[in-house]
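Protein chains: 2
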Amino acid sequence: MDTKEIELITQSVIKAMGASTYKETGYMVPVGISNRHIHLTQEAVETLFGPGHQLTKKKELMGGQFACEECVTIVGLKLRAIENVRVLGPTRKANQVEISVTDARKLGITVPVRESGDTAGSAPIAIVGPKGAIYLKEGCIVAARHIHMSPSDAQAAGVKDGDYVGVKVDNERGTIFNKVKIRVDDSFTLEMHIDTDEANASGIGPNNKVMIIK
Amino acid sequence: MDTKEIELITQSVIKAMGASTYKETGYMVPVGISNRHIHLTQEAVETLFGPGHQLTKKKELMGGQFACEECVTIVGLKLRAIENVRVLGPTRKANQVEISVTDARKLGITVPVRESGDTAGSAPIAIVGPKGAIYLKEGCIVAARHIHMSPSDAQAAGVKDGDYVGVKVDNERGTIFNKVKIRVDDSFTLEMHIDTDEANASGIGPNNKVMIIK
Chain L
1 MDTKEIELIT
11 QSVIKAMGAS
21 TYKETGYMVP
31 VGISNRHIHL
41 TQEAVETLFG
51 PGHQLTKKKE
61 LMGGQFACEE
71 CVTIVGLKLR
81 AIENVRVLGP
91 TRKANQVEIS
101 VTDARKLGIT
111 VPVRESGDTA
121 GSAPIAIVGP
131 KGAIYLKEGC
141 IVAARHIHMS
151 PSDAQAAGVK
161 DGDYVGVKVD
171 NERGTIFNKV
181 KIRVDDSFTL
191 EMHIDTDEAN
201 ASGIGPNNKV
211 MIIK
Chain A
1 MDTKEIELIT
11 QSVIKAMGAS
21 TYKETGYMVP
31 VGISNRHIHL
41 TQEAVETLFG
51 PGHQLTKKKE
61 LMGGQFACEE
71 CVTIVGLKLR
81 AIENVRVLGP
91 TRKANQVEIS
101 VTDARKLGIT
111 VPVRESGDTA
121 GSAPIAIVGP
131 KGAIYLKEGC
141 IVAARHIHMS
151 PSDAQAAGVK
161 DGDYVGVKVD
171 NERGTIFNKV
181 KIRVDDSFTL
191 EMHIDTDEAN
201 ASGIGPNNKV
211 MIIK
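Those protein sequences? They're chains L and A, same order as listed. So the first sequence is numbered by this note's numbering: it starts at 1 and just counts up by one. So the second sequence is numbered by this note's numbering: it starts at 1 and just counts up by one.
If we strip away everything but chain L, and leave its shape as in the complex, we get (with noise of 0.2 Å):
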């Protein structure tokens, strides 16, 4: 091994010592655990809960989100159902349907993972209200593992919108979850949003952080 191999190794190693010392203090992120819920446009709104239907807030969510008291029942192609989903607010531009695997599984159907608002080719699901109901030809997605940020926590962690890092959560059921994405905005508290299935997989409890690793 020559005086250049070895100089590249060292260079190598002291970037990865570097690495290395980086995982240790790794940036940390409170987590916000997702149970299934609804997004709904004013429209659909006013068939399933009445014409003139206004959501109801019942508790404050991150980015100017609410819970809102009204629930649906969605129905999957199998006909089967799950009860007492919740709708979130405000009102969009697009209804969407999150629910995990394990709920896609209690359907019967097949879910895609998917970012939020990127529905296309996603499951078709039934969702029926109090005053009515409304076919979605798509529209039901498994959300992607992600995590919300101002640009300064972006700063701060050294990622950028649209990176995807690891995130390593180190309790009794030790996991890494990788291909997180990074998703940077003003309006954004830091959060990392996981559904159900990857909570209870990972024993992440509520409040609990996890530590982004790259």
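Don't read these hints as lab results, they were simulated from the structure. Note that the coordinates shown come from a computational prediction; the quantities given were computed from them, not determined experimentally. Fair warning: there could be bad hints in the mix.
Note that identical chains are pooled: a pair holds if it fits in a single copy or bridges any two copies.
Stated by the list, open to error - Here are the simulated lysine to any residue pairs, SDA-like style, with alpha carbons at most 20 Å apart:
id, residue 1, residue 2
1, Lys106, Gly205
2, Lys181, Asn171
3, Lys106, Pro206
4, Lys214, Asp170
5, Lys137, Ala120
6, Lys93, Gly50
7, Lys214, Gly50
8, Lys57, Gly32
9, Lys59, Pro30
10, Lys137, Gly121
11, Lys181, Met28
Chain A: place on chain L using the hints.
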């Protein structure tokens, strides 16, 4: 940096590069997904299904185990129930109920993550069959992730009984499961056992394989 330091660092990096190569070519393991199920003593079988009752084999599983035609309903402390929980045979020396954290939440109870057989202080649960019911003061667990393998598999994978390894799932929902226990026995067929939460959170389906990475 003197020559000795460079030498030490060079040795470290060569070792690390070896480990990295190992990661890319790690030992592949088929995955078995365990749905909620129950192991019973012969005494419990007779209480639940009637005097002299013998379990009826429905489907062969690995290691001489089998899914039975028999199912039970389990009821937790809050009196919430899950129906159609499959009995696994053959009968054992102790009763044990294995559920997911999702199931535990549905029952409204707290259930520890444990190795099979380690039920001391685990959750109480009632088991109801067509001819009787039993109440376990303890015996309900969430099964800890583990890999069954033969001594020759263990040698090939470079691990031994009782080791804990990481396991990489390389798919759309890329995940690494840490703290996976290696269990070696002559009777074991190579298979990683995970529960439905772990399979659903990591996008694992039937016949998928995962890779031991350390």
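>> At most 20 Å between CA atoms: does that hold for Lys181 and Met28 within a copy, between copies, both, or neither?
In response: So Lys181 and Met28 pass the 20 Å test inside one copy only (15 Å; across, 27 Å).
> 20 Å Cα cut-off: does Lys106 pair with Gly205 within a copy, between copies, both or neither?
Replying inline: Between copies only: 15 Å across chains, 23 Å inside a chain, cut-off 20 Å.
> Can you tell me if Lys106 and Pro206 fall within 20 Å by alpha carbon in one copy, between copies, both or neither?
Replying inline: between (25 Å within a copy, 17 Å between copies)
>> With identical chains, the pair Lys137 and Ala120 could be close in the same copy or across copies; at 20 Å between alpha carbons, which is it: within, between, both, or neither?
In response: within (10 Å within a copy, 50 Å between copies)
> What label fits Lys59 with Pro30 when the C-alpha limit is 20 Å: within, between, both, or neither?
Replying inline: within (19 Å within a copy, 44 Å between copies)
> Can you tell me if Lys181 and Asn171 fall within 20 Å by alpha carbon in one copy, between copies, both or neither?
Replying inline: So Lys181 and Asn171 pass the 20 Å test across copies only (15 Å; inside, 22 Å).
>> Cα distance capped at 20 Å. Does Lys57 pair with Gly32 within a copy, between copies, both, or neither?
In response: Within one copy only: 19 Å inside, 43 Å across.
> Is it within, between, both or neither when you check Lys214 against Asp170 at 20 Å Cα-Cα?
Replying inline: Both. Shortest intra-copy (15 Å) and inter-copy (17 Å) distances satisfy the 20 Å Cα cut-off.
> Between Lys93 and Gly50, at a C-alpha cutoff of 20 Å, which is it: within one copy, between copies, both, or neither?
Replying inline: within (19 Å within a copy, 59 Å between copies)
>> At most 20 Å between alpha carbons: which applies to Lys137 and Gly121, within, between, both or neither?
In response: Classified as within: same-chain Cα gap 9 Å, cross-chain 49 Å, threshold 20 Å.
> With identical chains treated as interchangeable, where does the CA-CA distance between Lys214 and Gly50 reach 20 Å or less: within a copy, between copies, both, or neither?
Replying inline: Answer is neither; intra-copy 48 Å and inter-copy 58 Å both fail.
Checked against the numbered hints above, the structure breaks only hint 7 and satisfies the rest.
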